[in-house]
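Now for the letters of each chain:
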Amino acid sequence: MKFTLSWLKDHLETDAALETITDKLTDLGLELEGVEDRAESFKDFTVAYVEIAEKHPDADRLKVCVVDTGSEKLQIVCGAPNARAGMKGVFAPVGSYIPGTDMTLKKGVIRGQESNGMLVSEREMGLSEDHEGIIDVTDQDPELGTAFAALYGMDDPVIEICLTPNRADCTGVRGIARDLAASGLGKMKDLDSTPVKGSFKSPIDVRLEFDKDMVEACPIFIGRSIKNVKNGPSPDWMQNRLTAIGLRPISALVDITNYMSFCLGRPLHVFDADKLKGNIHVRLAKKGEKLAALNDKTYELDDFMTAVCDDSGVIGLGGVIGGEATGCTDDTTNVYLEVAYFDPARTAKTGRALQIESDARYRFERGIDPDFVVPAAEIATRMLLDLCGGEPGEIVQAGNVPDWKRAIEFDPAYTKKLAGIDIDEKEQKLILENLGFEVSGKSVTPPSWRGDINGRADLVEEVIRVYGYDNIEPVSMPKLTSVTVNAETPSLTRARKARSAMAVRGMNECITWSFMGRDLADKFGTQDIQTAAQMKIMNPINAELDQMRPSILPNLIEATGKNRDKGFPDSALFEVGPCFVSSKPDGQALVATGVRSGSAGPKHWSGAENARSFDAFDVKSDAMAVLESCGAPTKSLQVTRDAPDWYHPGRSGVMRLGPNVIARFGEIHPAILDDMGIKENVCGFEVLLDNIPVAKKKTGPARPLLELSPLQPVKRDFAFIVDNSVDAETLVRAAKAADKNLISYAEIFDVYTGEGVEQGKKSVALNVTLQPKKQTLTDAELETVAEKIIGNITSKTGGQLRS
Amino acid sequence: MTDMSENIAELKTELTSIVEAANDLSSLEQAKITALGKKGKITGLMKTLGSMSAEERKMTGQALNELKNEIGALIGKQESALKRQVMDEKLATETIDVTLSTRPERQGHIHPISQTLEELITIFADMGFSVAEGSDIEDDWHNFTALNFPPGHPAREMQDTFFLPEDPDEKDEYAKKLLRTHTSSVQIRHMKENKPPIRMICFGRTYRSDYDMTHTPMFHQLEGLVIDEKTHMGHLKGCLRDFCEAYFEIDNLPMQFRPSFFPFVEPGAEVDIGCSREGGGLKIGAAKENGKSDWLEILGCGMVHPNVLKSCGIDPDVYQGFAFGMGVERIAMLKYGIPDLRTFFDSDTRWLDHYGFDPLGRPNRAFGG
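Protein sequence lines correspond, in order, to chains B and U. Sequential numbering of the first sequence, starting at 1, is according to my numbering. Sequential numbering of the second sequence, starting at 1001, is according to my numbering.
Worth double-checking, as some hints may not be accurate.
Said to hold, decoys possible - Below, computed lysine-lysine pairings styled on DSS-like, alpha-carbon distance capped at 25 Å: (1) U:Lys1171 / B:Lys417; (2) U:Lys1195 / B:Lys479; (3) U:Lys1230 / B:Lys442; (4) B:Lys416 / U:Lys1310; (5) U:Lys1195 / B:Lys417; (6) B:Lys197 / B:Lys227; (7) U:Lys1230 / B:Lys584; (8) B:Lys349 / U:Lys1171.
Stated by the list, open to error - Cβ-Cβ distance ranges computed for the label pairs, FRET-style: (9) U:Asp1172 / B:Ala532: 19 to 29 Å; (10) U:His1215 / B:Ala532: 21 to 31 Å; (11) U:Lys1090 / B:Glu488: 22 to 32 Å; (12) B:Gly677 / U:Asp1340: 18 to 28 Å; (13) U:Pro1316 / B:Gly100: 54 to 64 Å; (14) U:Pro1363 / B:Ala702: 19 to 29 Å; (15) B:Asn454 / U:Asp1358: 31 to 41 Å; (16) U:Asp1358 / B:Ser709: 35 to 45 Å; (17) U:Gln1062 / B:Ser709: 49 to 59 Å; (18) U:Asp1210 / B:Ala16: 54 to 64 Å; (19) B:His604 / U:Asp1340: 32 to 42 Å.
Hints listed in this document are in silico derivations from the structure and should not be mistaken for laboratory results. The beta-carbon is built from N, C-alpha and C at its ideal position, and this holds for glycine as well.
Just chain B, with the same shape it has in the complex:
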């Protein structure tokens, strides 16, 4: 909301300085956005007299002029065709900034003639596109040295506030003045809304045609005919104000309606009465009815919208926009004034449905003053007669002012309880009264323009915002417990530990959109078409962001690709965030996801191992690290080969605890990478954090007792020839099963295929550690365990001990 200082002072008698006013606005909740003081920006430009204007000796189109600025006489070179001796123009001295050309003026010599400034055109001042010639103000005959801003009515600072949607009363300058007056910054000036006597009976009647339960759509409608008006440009003062707040002056009749909106927060409409057919009917629109509106667009109406009609059909959308066919033009001589109250919710719904943003809608949907319909009609009539002349008819009133009065309990003690500040009851009462509230005993009636005030808490805000939020003393939160409690939820703890685990392993944390394109989502786990349809954003930013993500992998793979394109092909990225399964409250899963691509390190003197490519085992380790960090019993993990189809069919795995999948890992399927335009190998993993069982704590934080054997462990190596299809894990499990108490470690240290090993088979070497606990193992005992290991493995894998 913008207004000018002089406009404010039309309503508020004050000698407060501009800065005092703007500070107070913010204190009151009418947050200052900015002040534009154009007198300051244009201060260099003044009126000057052209004494001499002679043809440039060396240029046909240029003139050498001598100008009198009132303080000095200067020679300038001017190219404008209208420059002539005896004229008055606007002079820009050397060193001034020319807004239209974005240049600072320098002293110059043009074809041998000195030039000490310039006479400017409107375009050079940034006022219009007019560059036919320099500004000519000879007719106005201003004094030399007059400020250009004053001459153009721009010496009035423009104030912009950020208006919150509850403050409908401040959509007009007068409402802002009222708040300032209540805060002690001045006195309200009177507004003349006495009735203007009509000299003839209205030829046009108004009928409200609503069913009983729809009356609130438009409870009151005032119409008034005014004959023999003369339309034309509105006066300079009005044009200046409208221009200052960013509106384009059109004609007096149109400007009056805009002025009423911004001055009094009271939108109204003026029809060209000669274009109206019969009487005015206000009713709900019929579905499919059409209106060609003033903004040159045609709208198809719906049956919840309020239509203003004449006998021929719809001529306006109540509270939103007028019709083109009945609008005023320069030739309009008879007008019909409409001042009505339209229901906020219906106006909002209409405006939103048709996507019409108008100054009228902005006000009606916030709720204009319901008691200010008749007075506004009189004020508008008076303004219209003042500016356009004419003969007013009698007012036609259909319907009645809706009942807006409501009583709220006046509870001064509640201010202390809620706001924590002691304000004397008398002072509270005075503040409310100054804001227009009626206080009687224990009851408060808010003024008609404050539809936003409905309860005790609202009254507290009114009192303290005028009294000053600054006066509330801050109090630290009382401690509830002497020691800080654990604030995290278990899933947050997991997410945090998972993040640490991955970052410590050299991965960078990313945060990516929760949505992606449907085609990508489909490649990474969309469950079925029905679910996918439920997870579609109906009004996405664009088609690449229209589906809630079923997986984080595609986002990280894309990020990998983008980093590669920028010249950084080696990346290890992760994200811990939501994936979406359904739109129900439990349809969201927390997933730790990571992606590695390129090489594990740069080329380095220390050897090739650093520069090897990431592979499935890197991401398997990542997934294991995440699981470990979250306290998953990783020793009981089962790894199987049934990873989802966005993974490489042979180089991927699934980790399970019992029947629950808790992680997936592997190379991303090359066909998918191909589709995504990624040329290099990418490995990824997903840990489903929600599926990790909560560790049971029978003993609380205590660990089981550590029993350290004094005896040295014994290591034994075995090698087996097994079928290629035999899983390493089967082998290790079989070995461990040989003696669970004695075998503390079993791991494969070599896998070999090739020469010396039959085709389709592999040689697998296993290192087993035996940890005796009570006494040193005898050779016979050792032999027994070894035989058991061999026996177990042979029977579980069909393999043979390699001799």
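Please arrange chain U on chain B, whose structure you already have, making use of the hints.
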């Protein structure tokens, strides 16, 4: 007698010079054999003891033992010196170029959003708040209606909402699915499921249909809620003052509370912190040369609206309290000097390396940065 002691003295001189002359380990070994070996010279003299008188044997034996010990110690000393010499020679050939770079290790980083959220949790946990969670996909009732946004109210348009298809299993406002525009919906769920006193924070992803220089369609919020019988606006101011001073690590940070409007609070306020924009940069907590601060808006807050309490089954005549909310990206940008909001979501490794945080240095109020 005298012959014998003279012989021993001579032998000592001879053996000492042999040992000292040994300049490598093998000649030292040879010297050792010469002196102490089974056929060595000391051993040889020992063998003559049997033919001596008891008195003579005692004296000579003692002298020979002394000699044996002395020569043995000398050989040990010489051996250490020679071994050290050998090692030194070897070490001299083992020089590496210590200016070569170390083996590359990938340094991972925590995203500034995660870091900031953890900082916030630690501060608010100190003030007795614990975390509640909710889902990103919400319904119209929890996101708007319960928060005192009446259907069709223009306040709803302050937040451009992403909509999802209606849930056929639900009715009316509960069927209208959307992406939460704020985390306030978590407060609603928390109030419905818990009785006062309440002190909670909630945070997470929020969504608004806006994408330009200063808006992203997804961003993070952190909100707080206190409900009990006597928490008032003074506590709200105190809580947020304590928070801002702790978070920005600036004592006596200039702050301003000014009236504002959010449908779910009444009275409502916005909070600005003092800063200086002089010289092009932004300095939080600083004043301008004239002593006045510029103001920077950082959060919105207020006393929970009675209608919101009623929606959640809490009696507003008995209970009251405050709520506040802030944009996590915004306060992260301010504290850590990150200039562009959109870069948070670009996953550019250079950005992550530069603005990310060491995973081992996570926030903890008790420890230093």
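Results for each hint:
1. U:Lys1171 / B:Lys417: violated (39 Å)
2. U:Lys1195 / B:Lys479: holds (19 Å)
3. U:Lys1230 / B:Lys442: holds (23 Å)
4. B:Lys416 / U:Lys1310: Cα-Cα ~22 Å, so holds.
5. U:Lys1195 / B:Lys417: The hint holds at about 20 Å.
6. B:Lys197 / B:Lys227: holds (14 Å)
7. U:Lys1230 / B:Lys584: violated (36 Å)
8. B:Lys349 / U:Lys1171: Cα-Cα ~21 Å, so holds.
9. U:Asp1172 / B:Ala532: 19 to 29 Å: The hint (19 to 29 Å, Cβ to Cβ) holds, given that U:Asp1172 and B:Ala532 are roughly 25 Å apart.
10. U:His1215 / B:Ala532: 21 to 31 Å: 28 Å Cβ-Cβ, so the 21 to 31 Å window holds.
11. U:Lys1090 / B:Glu488: 22 to 32 Å: violated (56 Å)
12. B:Gly677 / U:Asp1340: 18 to 28 Å: Once the Cβ atoms are compared, 26 Å apart, the range 18 to 28 Å for U:Asp1340 and B:Gly677 holds.
13. U:Pro1316 / B:Gly100: 54 to 64 Å: holds (58 Å)
14. U:Pro1363 / B:Ala702: 19 to 29 Å: Since the Cβ atoms of U:Pro1363 and B:Ala702 sit about 28 Å apart, the hinted range of 19 to 29 Å holds.
15. B:Asn454 / U:Asp1358: 31 to 41 Å: violated (52 Å)
16. U:Asp1358 / B:Ser709: 35 to 45 Å: The hint (35 to 45 Å, Cβ to Cβ) holds, given that U:Asp1358 and B:Ser709 are roughly 39 Å apart.
17. U:Gln1062 / B:Ser709: 49 to 59 Å: This hint holds: roughly 52 Å between Cβ atoms.
18. U:Asp1210 / B:Ala16: 54 to 64 Å: The hinted range 54 to 64 Å is violated for U:Asp1210 and B:Ala16, with Cβ atoms some 37 Å apart.
19. B:His604 / U:Asp1340: 32 to 42 Å: This hint holds: roughly 34 Å between Cβ atoms.
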